Each structure stands twice: as structure tokens, then as C-alpha cells.
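Once you have looked at the hints, place chain B on chain A.
Protein chains in written order, with the numbering used here: chain A, 14 to 671; chain B, 14 to 671.
No wet-lab data here; the hints were simulated from the structure.
A hint or two may mislead.
The list treats identical chains as interchangeable, and a pair is accepted whether it falls inside one copy or across any two copies.
To be verified - Calculated lysine-lysine pairs in the DSS-like style (CA-CA distance at most 30 Å, straight line):
1. 20 <-> 355
2. 549 <-> 227
3. 354 <-> 122
4. 452 <-> 660
Predicted, not measured: the structure shown is a model, and the values here were computed from it.
Protein chains: 2
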Amino acid sequence: MTGLDAKRILIEDVRPAVDGGLYPIKREVGDRVTVTAAIFRDGHDKLVAWLLSRPVGKKTWNRSPMRCTNPGLDEWAGEFTVGDPGFEEYAIEAFCDQFGSWASDTRKKVEANVDVASDVLEGMAMARRALEWLPKKVQTFVKDQLKAAEAYQDPRARAQVLLAPALVDALSGNPDTATRVQSPVFRVRVDRVGARFAAWYECFPRCCGREKGKHGTFRDVEDRLPEIRKMGFDVLYFPPIHPVGFTKRKGPNNSLVAGKNDPGCPYSIGSSFGGHDAIEPALGTLKDFQRLVKKGAEAGLEIALDFAINCSPDHPYLKAHPDWFSHRPDGTIKFAENPPKKYEDIYPLNFDTPDRAGMWNEMKRVLLFWAEQGVRIFRVDNPHTKPFGFWEWLIAEVQAAFPDVIFLAEAFTRPRVMKALAKLGFTQSYSYFTWRNFKAEIIEYFTELTTPPVCEYMRANLFANTPDIFPTFLQRAGRPGYKIRAVLAATLSPVYGIFQGFELCEGVPVPGKEEYQHSDKYEIRVRDWNAPGNIKDLITRLNHARRDHPALQENENLRFHRADSQHILFYGKSLGPDHLLVAVNLDPFEKHHSWVYVPIADYGFGPADTYQVHDLITNRTYLWKGERNYVELDPHVEPANVFVVRKWVSKEENFDYY
Amino acid sequence: MTGLDAKRILIEDVRPAVDGGLYPIKREVGDRVTVTAAIFRDGHDKLVAWLLSRPVGKKTWNRSPMRCTNPGLDEWAGEFTVGDPGFEEYAIEAFCDQFGSWASDTRKKVEANVDVASDVLEGMAMARRALEWLPKKVQTFVKDQLKAAEAYQDPRARAQVLLAPALVDALSGNPDTATRVQSPVFRVRVDRVGARFAAWYECFPRCCGREKGKHGTFRDVEDRLPEIRKMGFDVLYFPPIHPVGFTKRKGPNNSLVAGKNDPGCPYSIGSSFGGHDAIEPALGTLKDFQRLVKKGAEAGLEIALDFAINCSPDHPYLKAHPDWFSHRPDGTIKFAENPPKKYEDIYPLNFDTPDRAGMWNEMKRVLLFWAEQGVRIFRVDNPHTKPFGFWEWLIAEVQAAFPDVIFLAEAFTRPRVMKALAKLGFTQSYSYFTWRNFKAEIIEYFTELTTPPVCEYMRANLFANTPDIFPTFLQRAGRPGYKIRAVLAATLSPVYGIFQGFELCEGVPVPGKEEYQHSDKYEIRVRDWNAPGNIKDLITRLNHARRDHPALQENENLRFHRADSQHILFYGKSLGPDHLLVAVNLDPFEKHHSWVYVPIADYGFGPADTYQVHDLITNRTYLWKGERNYVELDPHVEPANVFVVRKWVSKEENFDYY
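Just chain A, same shape as in the assembly:
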């Protein structure tokens, strides 16, 4: 820093970047990344800059020119497109544009009729010196131009030749590399599009049977595939499918003693039938599972598994690797606790075990095992209670072998911790969506999720409910509430999910808690999947709208627009010519109406233009005009509109013979 370095160019504030480049940004295959930076030097000479990009591990950079977008603020921008899943990296290089600067000055002198004899000599010397580093093809061109200039005696005639744009561009585009400055290198994690855009359906396979009290199987799930796919879901996610422990097995409603036929909690993993790489015999065999993965894929449903680092007292690890667990001074192994609560059916692994390498690599082996069975999505249970460094290592290792693997972090905890897990590698994250029900809080939270820095590294998977969370809103609001939450989940984010039963608007809460009575976590349940009052039709329409409209498949294009009613949330998503507008009455009890304000300028409409908005929920079309329009939403009919905006194109000028 205090050497004699005549550093002239500074590159500051490169964006996008997460924590100044400490963590990668996230993008999906085929995304175009716009990179901006402040690039400037002392004095008034010109600069040229390129955006560099390449897959990590490749030697040569792809170079694309950057352009100055705001000279007063020294802002520059450039773009590159990301390829296959994996890591890519990007950086900026800048050079002093000596010939360009000379040309700009000399042009001014020519225009002011100032003598340019000396300047012309200077320019020619500069061009000649550049021959040292110019690419062959450019060399020939420059030599020809120099000859052409030398053919004249008159300095102004020579200047004419030297100032020709083709020559200036050739020399500016190949500057003296001695002036080169490069920014730090930034990384981008490229995931498949499914990391950003997918509709998830969560179900317990054991609750997919049709006979009361009988343990459901993978074959029962197979039977449900067409119905689930018909609703438009893309991912079918199962809580743990591994052998459930017997010792201290929990009974219905999390009771401490299980009955003889109680299936136990699948999060208490491991028994004499095996551990994390085995399958609960009551569900079927590994072959059955493989068959289900295949059938799912054929139906358009990708299977996602749970990864819960919990061991039942019967897990094989306890015998094979007692050193992987914490031992109390009295010789017993430590079970899970949240003092004074005890979870005696679950033994957590001790990440500080001296056999760290053995344990960590076993976790990796388990995930690779399932990846080899075709599972490429893992929902991770409580990652925030395991070391950050473990996840950073594990995700990198698994994705190095299977770049298309997706990890969803189930961390309902403090914002810093949730964000850190996303930065360290988790592809998707559960979110606070569940507890954001009213207008201001939805706008605040989703503005954070869809703008930098958070949108650069965190993809919120909006679950409307989970086996663990039966939100107060659903408990109190009934069927209109389920509809409201379905619309919000499906349109506020390109990736969202529901847990089985949501589509039936079902559920009895544990009083005063956000938990289900008769939770599928502790007992076998059988449902009528077409029970009256279900909202499967709405969910189907929402999922098809999502599939038909690219605007709903992106995250950072969410924009909230003004609606005068405090109960009506109004927002839009656009991508190219695809414009969606969503109006939701957030009050599940009463009808509300509101003026809503359409961003017509963004759509290219004038204040006097009439256009149509087509509601994908009711299939009705309305003619709207200008910015301010009217909506009326009765939660007992439909609490929301999901409008496609369509220009009214026909005018006499549009006809060929006009």
C-alpha cells in the first residue's frame, strides 16, 4: 500500500455482491447477470472496462465490454449469462484509454482550429507503440491507417485519418495492459431453475393410505401422484422415511407413551431396521422407493426428502459410533433438551466429537446415497442447531458431486442466523411468511426478500402451513383464509408449498398453540382428498397461472402498488411483455373495495388508454383505463384477483392496408 505504485484506476462498489464478495450470489441457469460498479481514475483521461466471467476452475475469462451509464457518478455496467449448475466467478478489469483520451482532446483542438502538428505526431507515436501489444489482425489495420496518415503532409489531414472512429475504437479496445487494474473476484452459485421456481406438496407417505389405522406405503403414494400433479405441483416432499425408533417412542399428540400400533415420530430416526440410509419397513422397500421416484418423475413430480440429523435411542450409530454422541458424567448419552423440556426419543450428534472426519463424511455418504437414488432435493431439519462450518462443507461436497442438488433450510430462528445459512450454501430457506398476514408487514418483509442484498442470496420457499405450524390466521379465518394464504404464497414468491390437508382447509388446533391436534407426526391418518369445501380448484388455477406466466417465475420482479384500502394488498410482477397484477383482500371476514393504482407507464399505456385485465381465478375480464381503477373482493366468494394485463391492440393503424 505504501509502495511506489502509481495506481490510477479504482474499482469500487461492485454489485451484485454478498458481504463484499465473501459469499456467492445466487442465480439460475440461463440468467443474465448485470454487474455494476464505480470505475474511475484521477485526471480527465478516459477509461475502458470489461466484465470478466468464467466457470470456477476454467482458466480463460469470457470478456464483455462495460459501458459508462452515469459519467457524473462514474457508474459502469456490463452483463454476462450464467451456464450450468455449479460455481462461476466474475470480476472487472479496467484500463487507461490513452489513445481515446488523445483523440478526444485532439478533436476539440481541430474543432477550435488550434494547431495540431505536435498532437498528430504524438498520436502517431502512440499508435506505433501500440503495435507491440495489438492482436495481429488489428496490427495490420493500424499499420495501414498509419501509412494513410503519413501520405498527407497537412497535420489536419493526418488528424482526419487518425481520428476515424474505426481506428480510435481499435486502439481504445486494445489498451496498454501496463495500466490494467482488476477488481476482486466475486462468485455466483448457479442452480437449476427449479431452485427458484417450483410448487411443493408435502405429505407423510404413511398417511396416504385409504384404510383407517393402516400404515400407508409408497404404493399408496403412487396412487396419489396423478391427483397431486393435476393440482399443478412440481415437488413432492416427504418427512423422514427411515426406520422409526422404538425406545421412548411417542404416541398420538406427542404423548410420552406409545401404544402397540402407534407408528412413532419419523423424526426419531433409526432402529434395528437401519438408520439414515434405510427405509421404514412399513412404507416399503428401497426398490419400492426407487420405483416411486421413477413414477413421480414420469408424472412430473420430483421427490424431495427430509434430512434430519436426529437419532432415536435405537439408531445403529449409537453402537457403531458411541463417540459421535455427548456423554454425561454419569455415563448416559445426552438426549435433546430445551430446558426444562426433554426429548428422550432423540439423541443429537455431537459435532465436537474427536471423530469429526468420520461423522461428517458419514453424513455426506448418506446424502450421496439418496442422490444416487435420484433424490436431488433435501429439506434440512433444524440446520441452525448444527455448526455453520458443517453446512458450508457438506453442501459444497454434495453439490460438487451432484451440482443440481437443492437444499432447503428449515430454520425458524433469528434473522441473522437464517440469512447466514443461506449465505453459506442453502439453496432455499423457510421464511417468516407464515406470520406476515397484514398489509404493512407483508410489504415490509417482501420488499426485503426481493431487493438486494437479501434477494442476492436467499430464496424464500413460502410454506402456507407445515406439520409443525398451523398458523393462527388459518385457525381463525377458515376457508377464506386458506384461499388468501394460497394466493399470497403462490404469487408473492416463485417457490412455495403446502402441507397435505391445507387443500382441504382442515385442521384442529391445540388450544392456544400453532400446532395440529392429531398431528400426522405421531399417528396414521386417512383423509378424503376430495372432501367438500376443498380449494383444490383454486390451487390448480394458481399453479397453472404460475406455469403459464414467466412473470410469476421470478423473485426480484415483485412490486407493490398503491391500494387505498388498508385491507387490500395490490402488487404486480412483470417479465418482458408478461404483466400480472394481484389484488388480495387480506381480511378473511369482510368484503372490501378499493381504488388500486396501476403502473401504466411501466406497461407503455397512457393515462387515457383502455386495456383489459383478465382474472385467472374467476376467468372474468374487466376493462380498465388509466392509472386508478376499482376492485371489490368478497372473501366468501373469491378473496383475490390474479389479473393478466392485456393491451387493447386493435387500432386502424394496425391494419396493413391503413
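Relative to the frame of chain A, chain B by itself:
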């Protein structure tokens, strides 16, 4: 990153920091620095954290405990105090608080009447293990406590001993160093208080004479010292005092041909009398200068010099170091240009000279030479046209030898460039103050200057005018305008300056430009320093207010408050019990009045409290009550109030015998 590192603690978002720690923050001797960060780990165990600080070069850190200020957001804070001028550094270290976490869990179990036999054994084992790393004194204490616990058989009685705050604090305060995590190291540049707080007076020594047409001398400046000091100035800054070149010397009003007696422009430096380390003979000798520095110091005025890297065609460098200049292909040396304009009396140095070491070290030698004469403030001319790397090196080198040296950057250029110069080492910066005249633009600009990140590295020295800038506002507004700008400069920033003549409200503009006719840059002028209409009394009052009120000596304590009139700017500065409020009518033509809104809660006043505000400009006192109060400002009387806020303390309860 992909090693088996069970990293548990993350330290994020350490503040203050400039560009993530790339550049130092700036503070002044004795400042208390509050450092905040997000510090968190996985799981629910407790953390402890310390703030580390030390002068750069020292081995041992000073450690002060940090406290968690917002558990939900994982925010922590700590403080340290900076010492002498130079560089200090700071960092954060955090540890897992294993015993504290155990104590917290065990306390809950004791309260819930759960058996703690096993927990007590665990806690005792933990305390015993800690003996390995505990400091001697703590060891003894812990051993004693362990013995005390062992004396009981009952686990709850043992727990009582182990959970005693003194033991928990001792063990939490000396955690297992194996869990230690440290943030990156951040730097702070500590300057003397004069870097932040000073009033500058700029004058051309040659224009300090009393006889028309006669070149002023250092002795003439000596005669002016008492008067300048009486106005309350701290720094007396001279444009270049070096020999002025003869070749191509400029005449009055920047005319191309100088008359025989014209003194030339002092920015055209160097003649047969010497270069940057010599003194223009017409001003006096080096001895005279040394005497002036001494007399100035005695009077309370510190001399600041200009550092302008310009050479006249007669500068000794041209013969001694022709290779330090750029040569044209026709053999001539390049003079300064701003095409099509030419500055043939100035040759810029070529920073790309092969003799970079020679040239740069000569610049350093020149500054060290003047520093040895007692000059510790350099105003640097046009630093933005020299390489960033040069300034970074030069300032570091000079401050390594003389840590109290202050560098003021005269860079009127694009914001990124001005900010970069400040980040790279300049102590102070000229600013856009000159062109911020109306309410919204003043609030916007000064909010930026007084809040992070800018306030961490940039100190704006607010010059109301300069030899180069005769602002339109002053040209059009006349005497009320000079008063307005004086109040703003003196109270918006702790460091400000005026250029001679401002106090006389003098100046004739070059039509359509912000330049002075008969500029002191090109001719000898003589003024009546007590000419009628001068505002020396106002300036004196302002400077004394600044000296008497610590609140006016800080930068980041500026707060804008509401005033209903669009012409009246209302702001405050507080430091401890010292509260100042300033109301300025920004319209130099018309009287305006306004409701102004006092931040009474910040002062500890209730809405019904009456308090007094004393105007330091008119010496009048007003009784105000509650938040909303009234001001009326006539620019033709006084355009501003500078109020000291005083509590009305006397109440019957304040008497001893109440």
C-alpha cells in the same frame, strides 16, 4: 472453506468501517469509538465477545467487553478510546460461553424442580476443565468454589454454589480459547483535534501590504496577526509562497502578457530563485518565514501552506530532472492544457516518469522540509489530477515522520474521486458547500456528510469563498448573503474557512463566471481591513461561539429539525449538556418567519416546560415553550439566530430547605 472446520460463531457487519475495512475510519485524539457488530452462533448457547484495540505496531491488544444490545437481531456493542495521532486498529473476538450456557439451562431446571444431579456433575467437570486455561487468580477462586460445592451431597445445594453469579462470571469471562473467533482487523486514523475543529483564514501574503502597488511581505502578515486572531481564526493559510516563474508570466486578470512589475501567479512555481523549497524573495527570506511561523503560534494562529505540484518553465526541476516531465515528439515539454485552452506558464510533472522513485521522494523531501520549519498543515492543489497511489504513499510517509500533519484536498471534482482521496489519506476535503444554497439541497448534502459511511472518512472544510470561487450567491445577495454563508459555514461544520475580503463583503465578478475581477492570484492588492460594511463582528461572534460550545466542535452531531418556512433552515448540535440551535433565513432579500420544532425530548424537556434560548449573535434571550416556537429573521438586520438552549432550572424543589 471446505475443510472440516466446525465454525460456530460468525461476526458480521462490523461498524464503523469504510468499504468493509479496506480504508481506515478517521477519528481525533481522545475520541471514544463505539463499535457494533452482529455476533451469533448456531444453536442456543451463549456467547461472550470482546472489543480489541491497539496502536498499529503494538503487539498486545487492549480488551474491553462487548454487550449484546439486541438479542433478537444479535447486535453487540463495545467502546474504545483512541490515543495519539497515528494509526490504531480494532477487531472483535468472540467465544462460546459454555459454562454460561450450562448455568442458564441448569437454572431453568432448578426452577422447574427437575432433577439436576447429572447437570451438576457436568458443570463441575466443566469448571475443572477450565482450570487448564484460567488465570492463576481465577483458578484459586474456582477451586475454592468447587470444594464448596463438593462439601454438599444434595445436587440442588451444589447447584446453588455453582450458579453463584461470581463463579458464572469468572468462568464466562475466561472461556475456552479453542472456540475463539476473530473478525478482520479494522484501522482508524487518529488525527489531532485541529483536523476536525478549526477556523481558517486564507490570505495572499503579498496582498497584506499597506502601500498600493507594493509587494506585501511576511512582515506585513505579522502586522495582521492580532487582527486575524481577534476575529477568532485558528489557521492562517497561504497560497504558494515560492519563487514565481518569469517565462510566460501572467498579468492582471489572467492576461497572457505580464507587465514589468506584475508579480505573476504564485501557482506558477519556480525560478532562478529556487523551487518548492524556496521562498519568493519579494516576500522575505526563510528566516522571515520561520519568524512568522513563530509569531503566528504565539498569537494562536497556525500557518498552513499550499502544496501545488506545478512548475513554471523556469523551475530548477526542468534542468535537473527533464525526465520528470512529458516530452512531445517535437522535443518540447508538455505544458498544462484543458483543450483547447493552454496554460503555457505551467508544466505538470509526469507521474509515469521512469524515475518515479526520484520524483516521488523529492515531493516527500519538500513536504518534510516545510514540516521541519513548523508547518503541519498542507492544502493540496488539484490532487485529483495526480495518481491515487501517489497520495496514498506520500501522506503515509509524511505522517509517519510527523503524525500531526494535516492534508486538505482541494479537489472540486466528481463525488467518487473526492471521496476516494479522503479514503486514501487526505485529512480534510473541500466540499460542494459553495453550491448548496437552499434548504432541501443543504439538508441532503449535510445529511450525507454527517452520517455513515461518509462521516467516517471525510471531513469537509467549508470554504465560503476561495481565490478561485466567488459564488453566485455572494455575487447576487450582497452583505446579507455574506452573513448567511458565514453562519452556515461556521455552524454546519466544525472546520471552515474564508478567503481574505470575504469579511469585507467585497468582490467584483467576471460577468457570468464565479471568478473575481482583479484576482489576488495575478496582482498586488491593498485593502482597508476595516472598510465600512464589514462583517468582522459577526465572524468574531461566530468563532467565539464555536470556541465556547463543544457542540459546535463536532461533525456527526448535526441534526436538521422541522421549520415550516421553505426559506428558514433550522438545525441543532448537541454534546452532553451543551445544546445549540441555529435558525437561518436562506433568502438574502426578504424577511421570513416560521414555526420551528425543537427536539425537546432530546433535551429532557416536557411539552409544557418553558426554557430559554439565548441568541449568541444578537445577545438577546427568548422564552420558548414546548416543541413549536416562532422565529422571525430579517436578512437586512440579522439573517440568523445561533441559540444556546438553557433549562429554566429554578423550582422550589431545587432548594436545599424545600
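Run through the hints listed earlier and report the numbers of any the structure violates, in increasing order. none
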